[in-house]
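Student: Residue strings, one per chain:
There are 2 protein chains.
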Amino acid sequence: MSEHDFLKVALAAKEAAAELAPLPRAPKDAALRAIADALVARSAEIVEANAVDVARARENGTSEYMIDRLGLDAGRIEAIAEAVRQVADLPDPVGEVIRGNTLPNGLELRQLRVPLGVIGIIYEGRPNVTVDAAALCLKSGNATLLRGSSSAYSSNTVLVRVMQDALAGTEVPAGAVQLVPGQTRESVKTLMKARGLVDVLIPRGGASLINSVVEESTVPVIETGVGNCHVYVDAEADLDLALEILLNAKVQRPSVCNAAETFLVHAAVADAFVPRALAALAGAGVTVHGDARIASYGEGLGDTVVPVTEEDFGTEYLSLDIAAAVVDSLEDAVAHIRKYGSAHTDAIVTRSVTASRRFVALVDSAAVAVNASTRFTDGGEFGFGAEIGISTQKLHARGPMGLPELTSTKWVYTGEGHLRTSEGTVIASCPNA
Amino acid sequence: MSEHDFLKVALAAKEAAAELAPLPRAPKDAALRAIADALVARSAEIVEANAVDVARARENGTSEYMIDRLGLDAGRIEAIAEAVRQVADLPDPVGEVIRGNTLPNGLELRQLRVPLGVIGIIYEGRPNVTVDAAALCLKSGNATLLRGSSSAYSSNTVLVRVMQDALAGTEVPAGAVQLVPGQTRESVKTLMKARGLVDVLIPRGGASLINSVVEESTVPVIETGVGNCHVYVDAEADLDLALEILLNAKVQRPSVCNAAETFLVHAAVADAFVPRALAALAGAGVTVHGDARIASYGEGLGDTVVPVTEEDFGTEYLSLDIAAAVVDSLEDAVAHIRKYGSAHTDAIVTRSVTASRRFVALVDSAAVAVNASTRFTDGGEFGFGAEIGISTQKLHARGPMGLPELTSTKWVYTGEGHLRTSEGTVIASCPNA
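For the protein sequence lines, the chains are U and Z, in the order given.
Residue numbers for the first sequence follow UniProt numbering, so the first one is 1 and each next one is one higher.
Residue numbers for the second sequence follow UniProt numbering, so the first one is 1 and each next one is one higher.
With the rest of the complex left out, here is chain U (with noise of 0.2 Å):
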């Protein structure tokens, strides 16, 4: 890709921006009702373009558990349309008013939801997050550019090309959803640099991209995704809940960002809970990475139970491994979150109100969960009805992203002439009003 190539679509993508931000909903539900009826008609051409993308895969040795990731038949399409469908149906947050009242001086004063512009989509596997992501910057008004994984590349142009023909038949811009153009580590550069073209970059994947995007962007970043999230179990903690709390954060899906990567445990409940723990564990097939006092609990358990080093404390696992410690308080419990997680989603189980509003005040994390699962961090389960990533960061947005966390807003002023004087507001005469 050269420059100039970039440069072409990031302009387009901003000239579509300043069309979009104004549309009202109808328009954006019609372009998206279009774009999902365009993907299930060309479906066998996605398919055909899919399968150079597997081939590719293949001959170079991916895992089929990658390929069935990265793979698409007319049955996924259809999901991915639906998808779509779905987002048409939720409420658009443009416009919406956030605050708003008249001020002493009689200026009406308001602040409205507005579309934040180009967004920049960085991100890994599969192609279904190509469709996702316009269809959910489409509807907050904003234009995308998507930098999606090499792999999917041949994938990504066809469902790029889909969408855009399917808008030049709508109010909205075909320009508004773009592809950046060449799969080299070059193109992510480029966008990364792109200030003043771009207005946020959201990246979506592991931890090493998205490190990379916050150390060397030039343009705002919201962060997303990596969880290293803890199960605590509090002195006060009903033992059985908390067995089936931590099974479920750890096991039910162990390759997302809000699975339980760690459990920590009160020295007073240790020798009641850890047996029973690290036998349900065992029982999932779980390797525990546990400290000398857990280890203390794991004779008989064969290899469950292997020595934990600094390093597992901050690992994002996503697999069927988990870091383990006895704490001597809550106190200690927060402060291993605070020094090892990624503030993400840490949950406590205890039966005691003060214990729990502790835990609540002192863990500052994206999401404190309180006798319940960590696997609820969830903008589906949270109710906006889609979610763009999980914001780990403070600025914007933290925690589940719905569809006003892609907006920003303005403020609007009405007044009949309204001056500011070093005596206060004055108002201008105005004979011919």
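Just so you know, same-sequence chains aren't split out, so a pair can sit in one copy or run between any two.
Using 25 Å as the maximum straight-line C-alpha spacing, the simulated DSS-like pairs for lysine-lysine come out as follows:
1) 193 with 339
2) 339 with 8
3) 193 with 8
4) 8 with 189
No lab work stands behind these hints, which were simulated from the structure alone.
Starting from the known structure of chain U, fit chain Z onto it as the hints suggest.
Tutor: Frame of chain U, contents of chain Z only:
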């Protein structure tokens, strides 16, 4: 400054931030009042330190205007203390429930305001900012790393010491207010790279300071302050009103970011409006940098009208200068504002509801004024009670920033053994609950 010195204060701030974050309002307000009292009680010491800065400035040939801005006396210190007391009187944004509901599965979901953590402020000029910024951050539960102008280093050192001493007798940790040690450019660079120690950087000052922070910082930045504001006089404008608004926006306080720097006049009213505007601006001592059509009305006004350059249109004068052009349509005015503006505040003067709707929808700025002076874009005028700056970026905060803009959010969900399964939520059995 050594890297070691910086790390010491940054770590102290981070530790203090963790202690400060969960505090409720009362101890924070008490701490702010203790700071106000200490500033007044130790006025003499502060004035003495300030005299060192003033003497050095005078030696360096600094203008009397700048020296006046730098100077502190007992009266000014009393005013600074009074501003701190006013911050104590403001409501506490921390803990506010922004959203919340009971999910269909019974999970109780709340989104709470929480402090950002450690806020770095890089600023120029007046030493009162040292206290203002620290007070606003403290009220919103944040620790502050202050990096003021080296011209005020002696004053800032004593102001921070007085604040820390005052905090030592309160529940707020003294480490919550920190001065970045050293006066070199290196100390700014170290602050900008302190990702993980500093949560947000807010640069306050001129365009070059802000641009360098935005370009170089790996810590998330909130851009503030550059204002290239426009007044557009529509074809349907009341021209008396337009004249007063234009004069107020330009002349009432030319040195501030919400002053007007360009006016645009619809061709349909140019004959009627421009001669009056030029005469009035000339009377107020304003130089008009006009395009050819503006210049055609400038005869007989001496050197009031000078030719405008491309650069003028992009300039924040902060002086008795204004750029001006005649445009053929509202859309051309919007295009001009999009091309040259800084997305701070832009005003339309019009009687037409349709024109005002269109201008508000198309102008992508932090604030849009209708029939009012641009000078109202201000936290005080908006009723925020205080302002840390005016954000001209789209992420996190846009426009005047009060206390809520110095916070992030946290999701809290409370269940009774809620587990997520592929078939939906299951409540764990809890025999002992």
